[in-house]
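Build out the structure end to end from the sequences listed, making use of the hints.
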Amino acid sequence: MQKKSISTRGFWLMIVGGMLTGMGNGSVFGATLMCFLGRGKFGDWGGWMGEAYNPVTFTGFIDWCMLVFGFAYVVILAIAFKRHDALENVA
Amino acid sequence: MLKYLMAKNEDIPSGSAAVYFGFSAITWFVIGTGLGAFNAAKLAFPDFVTGLEFLSFGHMRQVHVHAVIFGWISQAFAMAMMYITPALGNTKLWSEKLGIWNVILWNIGLSLGLTVLWFGMTSGREYSDFPWFIDLYIATFIFIPLGINVWMTIINRRTQGIYTTNWFFAAATFMVIIVFIVGNLPEFFHLTGLTEAYLTWWFAHNVLGLWITPVAAAIAYYTIPKVTGNPLYSHRIGHLHFWSVVVFYSTPAAHHLMSAPLPEWLKSFASVEGVLILVPAIAFVSNILLTMQGKWNMFVENLEVRFTVTGCLMAIPLNMQGGFQQTRAINWYIHGTGWIVAHAHLALLGFSTFLEVAAVYLGLQTILKRKLYSLTLGNIHFWLLLIGFTTYWVSMTIAGLIQGAGKIYEVPYIDVVIAEHPYMIARWIGGSLVFTGNCFWLYNMWMTARTGTVIPEGRMPHELAYER
Numbered sequence: 000m001q002k003k004s005i006s007t008r009g010f011w012l013m014i015v016g017g018m019l020t021g022m023g024n025g026s027v028f029g030a031t032l033m034c035f036l037g038r039g040k041f042g043d044w045g046g047w048m049g050e051a052y053n054p055v056t057f058t059g060f061i062d063w064c065m066l067v068f069g070f071a072y073v074v075i076l077a078i079a080f081k082r083h084d085a086l087e088n089v090a
Numbered sequence: 000m001l002k003y004l005m006a007k008n009e010d011i012p013s014g015s016a017a018v019y020f021g022f023s024a025i026t027w028f029v030i031g032t033g034l035g036a037f038n039a040a041k042l043a044f045p046d047f048v049t050g051l052e053f054l055s056f057g058h059m060r061q062v063h064v065h066a067v068i069f070g071w072i073s074q075a076f077a078m079a080m081m082y083i084t085p086a087l088g089n090t091k092l093w094s095e096k097l098g099i100w101n102v103i104l105w106n107i108g109l110s111l112g113l114t115v116l117w118f119g120m121t122s123g124r125e126y127s128d129f130p131w132f133i134d135l136y137i138a139t140f141i142f143i144p145l146g147i148n149v150w151m152t153i154i155n156r157r158t159q160g161i162y163t164t165n166w167f168f169a170a171a172t173f174m175v176i177i178v179f180i181v182g183n184l185p186e187f188f189h190l191t192g193l194t195e196a197y198l199t200w201w202f203a204h205n206v207l208g209l210w211i212t213p214v215a216a217a218i219a220y221y222t223i224p225k226v227t228g229n230p231l232y233s234h235r236i237g238h239l240h241f242w243s244v245v246v247f248y249s250t251p252a253a254h255h256l257m258s259a260p261l262p263e264w265l266k267s268f269a270s271v272e273g274v275l276i277l278v279p280a281i282a283f284v285s286n287i288l289l290t291m292q293g294k295w296n297m298f299v300e301n302l303e304v305r306f307t308v309t310g311c312l313m314a315i316p317l318n319m320q321g322g323f324q325q326t327r328a329i330n331w332y333i334h335g336t337g338w339i340v341a342h343a344h345l346a347l348l349g350f351s352t353f354l355e356v357a358a359v360y361l362g363l364q365t366i367l368k369r370k371l372y373s374l375t376l377g378n379i380h381f382w383l384l385l386i387g388f389t390t391y392w393v394s395m396t397i398a399g400l401i402q403g404a405g406k407i408y409e410v411p412y413i414d415v416v417i418a419e420h421p422y423m424i425a426r427w428i429g430g431s432l433v434f435t436g437n438c439f440w441l442y443n444m445w446m447t448a449r450t451g452t453v454i455p456e457g458r459m460p461h462e463l464a465y466e467r
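Each protein sequence line maps, in turn, to chains A and B.
Heads up: the first sequence at position 3 corresponds to 2 in numbering that gives the first Met the number 0, and the numbers run straight through without jumps.
Heads up: the second sequence at position 21 corresponds to 20 in numbering that gives the first Met the number 0, and the numbers run straight through without jumps.
These aren't lab readings, by the way, just hints derived from the structure by calculation.
Note that the structure is predicted; figures quoted are calculated from it, not measured.
The reader is advised that the hints may include incorrect statements.
[As the list claims (entries may be wrong)] Simulated crosslink set (DSSO-like; lysine-lysine; CA at most 27 angstroms straight-line): (1) A/K2 / B/K294; (2) B/K225 / B/K368; (3) B/K406 / A/K40; (4) B/K225 / A/K81.
[As the list claims (entries may be wrong)] What follows is a list of derived Cβ distance ranges for each label pair: (5) A/L32 / B/Y442: 44 to 54 angstroms; (6) A/K2 / B/M151: 41 to 51 angstroms; (7) B/M0 / A/I75: 24 to 34 angstroms; (8) B/N229 / A/K2: 13 to 23 angstroms; (9) A/W11 / B/E409: 37 to 47 angstroms; (10) B/M151 / A/L66: 43 to 53 angstroms; (11) A/I78 / B/T90: 26 to 36 angstroms; (12) B/Y412 / A/L66: 25 to 35 angstroms.
From the three backbone atoms N, C-alpha and C, an ideal C-beta is built for every residue, glycine too.
Structure follows, in structure tokens:
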């Protein structure tokens, strides 16, 4: 029986692990950038409900940084798994 | 277990102390995360269990923190030291009897300490909340005997060199004693004001930096080469990791007090040192991931490797956050928010716990010579821990960002409380998943000891994982 690839078997590890790793780094990047750029008007603080995910608000922008970094790390892990699979599971 | 207390050392089976430490650690993990889930429920549902002072959040939080740090994390470290130190020195543990006494005295002292915290007797200093007599007990009857056993085992080794893991074990057991005695000086000598504040955070920072972080990393330096069969990628990078931990991690306590009236030069120095923590972090993560070369199949197949590598992945955001969140510009925003709570859990429940869990799984199977009772339960444990922790961490980080923004925008406090309520519920769900996973784990390891298939001589537990 053909052994499934590392990416296939590690799909959910890639998704959860990648998002967790990336969102951690995105949180720091987002917070740094927003502290550098400064704040807008009072209504832009981005705390209430969906406002926290509106990228034009202070909080929402950082949350979007977390999500973008999360997806980026999933892609990085996917590429890494694919390359390791090619090295380790040669047909 | 009690029969070994008065037995001759040579009559005690090899590995006994590690087994008792292992089961004790798992039990404390169940208790500690159960208390954490209870506390999270109180934040999510403010009317949940009210009227009893000893079950109030202020009391329960201290009990949770100390049960997890000194029950789960530190006892899992002790378990790992009891079997890894002799294995790497090609010898036996110096004294199984001392190890058994250590387990007993540890549990007595910890139970006493948690009881006094529960009933409100506390120093009131975060992370060093235990009153002075418990601190002295911990140093004298917990860490000094542990250190003696580790150092004597290394001195009596039958190998020429000392492997990286044992460097860390020997140094960390020494450093934690110093941290305990010096860090608690305010309690012994009634020091107050800034001196007390600084020493409180010197203690809290170094319990993390000179005990939890290096020992967790040392465990990974053993687990990954042992299970994968690959040699460590670089001992020299391991030594860079070791010395950079000792130099950079021991000094930046003031970065916990960036808003306090400490000397500005001290805060700036601490902040720069804080960023330099990235040196050991990068050395560690790269060393472990490069050791995995050619064995990435095991990341998806093998439980111990999966736990360890996932823990190493968590070390990346942990140290990126840790390195930069303490700089003045970012600390101003996130200080005193749920972000810090999330970060602390990324260190303790994420990074270090995942590495320790792997060591306990591997150690108990190896010493008991029993195959894991149920791999399915092991996988369920992994996923409940990972999904539960991720839910907890994401919700708390976002709640922290909302709190931080609320702080700088001067939003009324009650509005911030209302805004973060959904995240408190998510936090409780995440914590409950972790607690449930640990209940499965305790059952699985208990059944492994009772009915697990015997591992033939010369085989490793993971080699048999998929054999019936």
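Hint-by-hint comparison with the structure:
| no. | hint | verdict |
| --- | --- | --- |
| 1 | A/K2 / B/K294 | holds (15 angstroms) |
| 2 | B/K225 / B/K368 | holds (16 angstroms) |
| 3 | B/K406 / A/K40 | holds (14 angstroms) |
| 4 | B/K225 / A/K81 | holds (25 angstroms) |
| 5 | A/L32 / B/Y442: 44 to 54 angstroms | holds (46 angstroms) |
| 6 | A/K2 / B/M151: 41 to 51 angstroms | holds (47 angstroms) |
| 7 | B/M0 / A/I75: 24 to 34 angstroms | violated (48 angstroms) |
| 8 | B/N229 / A/K2: 13 to 23 angstroms | holds (20 angstroms) |
| 9 | A/W11 / B/E409: 37 to 47 angstroms | holds (42 angstroms) |
| 10 | B/M151 / A/L66: 43 to 53 angstroms | holds (52 angstroms) |
| 11 | A/I78 / B/T90: 26 to 36 angstroms | violated (44 angstroms) |
| 12 | B/Y412 / A/L66: 25 to 35 angstroms | holds (28 angstroms) |
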